[in-house]
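Residues per chain, in single letters:
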Amino acid sequence: MTNAEFEFLLVEDNPDHAQLVRAAIQRARKGRYHVWLASSAEAAIKLFETMRFNLIISDFRLPGKTGLDLLLWLNENGIETPLVMLTGAGDEKVAVQAMQEGAYNYVVKDDVYLQVIPHVIDEALLQYLSNQEKARLEREIREKNVALERANRELKKLDQLKSDFIASVSHEIRTPLNAVKESISLVLDGIADPKQEKGKRILQIGNRNIERLTIMINDLLDFAKIEAGKMRLHFAFCDLQTLIDEVVIAFHAACENKKVKLVFAPPENPPVVYADAERIIQVLNNLVGNAIKFTPENGRITISYQEISGEMIQVTVADTAAGIPKEDQARVFERFEQLENSNLERGSRGTGLGLSICKELIKLHHGKIWVESESGKGSRFIFTVPTTEQVYNGISDVPPDSIERVKT
Amino acid sequence: MSESKKKKVLLVEDDKDLSDVLKIRLQKTGYDVVVLFDGIETVKTAKAENPDLILLDIFMPEMDGFTALKSLKAEKSPSGKSGKPISDIPTIVMTGKAPMMEEMVRFEGACEFMTKPVDINVLMGRIEQILK
Chain L
1 MTNAEFEFLL
11 VEDNPDHAQL
21 VRAAIQRARK
31 GRYHVWLASS
41 AEAAIKLFET
51 MRFNLIISDF
61 RLPGKTGLDL
71 LLWLNENGIE
81 TPLVMLTGAG
91 DEKVAVQAMQ
101 EGAYNYVVKD
111 DVYLQVIPHV
121 IDEALLQYLS
131 NQEKARLERE
141 IREKNVALER
151 ANRELKKLDQ
161 LKSDFIASVS
171 HEIRTPLNAV
181 KESISLVLDG
191 IADPKQEKGK
201 RILQIGNRNI
211 ERLTIMINDL
221 LDFAKIEAGK
231 MRLHFAFCDL
241 QTLIDEVVIA
251 FHAACENKKV
261 KLVFAPPENP
271 PVVYADAERI
281 IQVLNNLVGN
291 AIKFTPENGR
301 ITISYQEISG
311 EMIQVTVADT
321 AAGIPKEDQA
331 RVFERFEQLE
341 NSNLERGSRG
351 TGLGLSICKE
361 LIKLHHGKIW
371 VESESGKGSR
381 FIFTVPTTEQ
391 VYNGISDVPP
401 DSIERVKT
Chain B
1 MSESKKKKVL
11 LVEDDKDLSD
21 VLKIRLQKTG
31 YDVVVLFDGI
41 ETVKTAKAEN
51 PDLILLDIFM
61 PEMDGFTALK
71 SLKAEKSPSG
81 KSGKPISDIP
91 TIVMTGKAPM
101 MEEMVRFEGA
111 CEFMTKPVDI
121 NVLMGRIEQI
131 LK
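Sequences listed follow chains L and B, in order. First residue of the first sequence? That's 1 in the numbering used here, and the numbers climb one at a time after it. First residue of the second sequence? That's 1 in the numbering used here, and the numbers climb one at a time after it.
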């Protein structure tokens with residue numbers, strides 16, 4: 001190819017005419033147009049094996065195949081290169097046929113046709129390019145429409161999930177509230193005597209349900225903060241083992257009640273993490289709480305950690321529950337999602353936001369959280385958390401104002 | 001009230017704590033109480049137990065109360081050995097707030113709708129009125 005902006009192919013069997021036409025075109029638009037020559041339609045077709053042109057100017061009368069045959073061949077092969085037909089005087093019929101077959105224009109070889117050709121070509125080229133551009137824009141609009149429709153469908157789905165979520169949260173909050181209210185009423189109405197064992201049990205029900213409500217309300221507030229992009233973390237160096245110890249102690253009673261074992265074997269050199277201690281405890285509480293909920297009697301929950309690089313540490317909460325099917329593993333971290341689980345103890349359903357909050361909290365720590373599980377073989381919830389400040393200084397999608405450094 | 005004349009309430013509530021406290025209240029007021037933790041067995045239990053009234057929670061895990069309500073109201077066979085049709089047993093629905101919930105529940109044949117947390121005096125008053 002040449003340096004010219006546009007490459008044309010001229011199909012003309014008369015070499016004198018060919019030179020004249022070529023000169024007329026190239027002279028008219030200095031350097032912008034370059035004209036290749038073919039002496040027959042067959043030769044032109046041969047050239048198309050290896051080359052493409054911006055425009056073809058073809059004589060109608062040619063030794064073998066005619067210019068019209070060439071046009072038909074282009075159409076059959078789906079080649080969209082525009083073609084301008086040159087016809088002799090009295091060949092108007094041919095010209096009409098060529099236009100019907102999709103030629104961009106025709107030029108009658110009269111006394112002034114050499115002056116006319118450059119203008120016809122300019123116009124044909126312009127028309128072709130604008131057609132191309134129009135087709136491209138139409139294609140783009142179609143693609144954008146498809147994308148818009150897809151986005152719309154997803155939004156509708158999310159909207160439905162949100163409505164279901166609101167209805168379900170309303171119910172999940174009102175039920176324990178009802179239990180609190182009624183346990184107090186039983187005492188106030190003198191039906192339950194708090195000085196006796198039975199009455200004490202009623203007050204315990206009230207207490208337990210206030211705790212359930214507290215967890216749910218905290219989840220909802222955290223969720224609202226995250227959705228508004230207002231979750232702030234308070235980073236400091238802290239001893240990971242102390243955090244885990246706190247969680248283990250907090251769940252001691254719950255584990256005894258459910259007859260499950262919570263195991264944590266601290267390694268020799270307890271690592272230090274650079275994190276928001278309260279939030280890491282919250283994540284651990286969530287994971288361990290879930291594990292206790294789903295693990296059957298005599299089951300076992302294990303907390304462990306391991307350094308995976310100089311900068312990150314990996315914490316694992318493993319259980320011996322039923323496990324999570326592969327297809328649901330990503331979904332458990334999505335907001336509003338709560339897996340149907342008939343094994344779940346009555347009254348232990350929550351807002352369904354817990355794991356999505358964990359995911360966001362770990363993301364703000366530049367860590368990752370995921371689950372490894374096989375049906376019947378329990379689940380391992382794993383997250384990573386930084387051991388150094390450096391991790392936070394790298395490129396990240398966490399807005400800098402969400403990180404508040406605490407001097408240590 | 002002699003034992004045989006005690007009215008029987010079927011309480012369908014999936015939350016253990018709430019059903020515990022409601023059961024105590026109902027018993028203390030003088031009713032026999034049968035508790036069910038999910039909706040699936042509601043029709044079967046209603047047939048066997050011949051309750052005078054059903055207290056139903058909407059949003060239960062296995063079969064939601066709404067479906068349970070529909071099947072109750074579609075059941076024309078008698079409760080107990082010679083009771084009236086299951087569909088005639090008065091049913092009170094308790095639930096959270098949701099758009100159109102009360103309208104839907106009443107349309108399906110519930111005689112009373114109450115939003116949790118229910119006012120226990122209002123609930124007991126309605127039960128007494130219905131069972132009179």
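Source of the hints: derived by calculation from the structure; they are not laboratory data. Please note that a few of the clues may not be correct.
Stated by the list, open to error - Derived DSBU-like pairs: lysine-lysine, alpha-carbon spacing no greater than 30 Å straight-line:
1. B:Lys-73 x L:Lys-198
2. L:Lys-181 x B:Lys-28
3. B:Lys-84 x L:Lys-181
4. B:Lys-70 x B:Lys-8
5. B:Lys-16 x L:Lys-198
6. L:Lys-261 x B:Lys-6
7. B:Lys-6 x L:Lys-258
8. L:Lys-293 x B:Lys-132
9. L:Lys-156 x B:Lys-28
10. L:Lys-200 x B:Lys-6
11. L:Lys-200 x B:Lys-28
12. B:Lys-84 x B:Lys-5
13. B:Lys-97 x L:Lys-157
14. B:Lys-5 x B:Lys-97
15. B:Lys-73 x B:Lys-16
16. B:Lys-28 x B:Lys-132
17. L:Lys-195 x B:Lys-16
18. L:Lys-134 x L:Lys-144
Unchecked claim - Taking beta-carbon pairs under 10 Å as the criterion, some of the chain B residues facing chain L (in silico):
19. Val-21
20. Pro-99
21. Thr-115
22. Ile-130
Stated by the list, open to error - Counterexamples of contact, computed for chain L against chain B with all Cβ distances above 12 Å:
23. Trp-73
24. Lys-134
25. Val-146
26. Ala-167
27. Thr-175
28. Asn-178
29. Asp-189
30. Ala-265
31. Glu-278
32. Arg-300
None of these values were measured; they are calculated from a predicted model. For every residue, glycine included, the Cβ atom is placed at its ideal position computed from N, Cα and C.
| Of the hints stated earlier, which fail here? | Violated: hints 1, 3, 6, 7, 8, 9, 14, 22, 26, 27, 28, 29.
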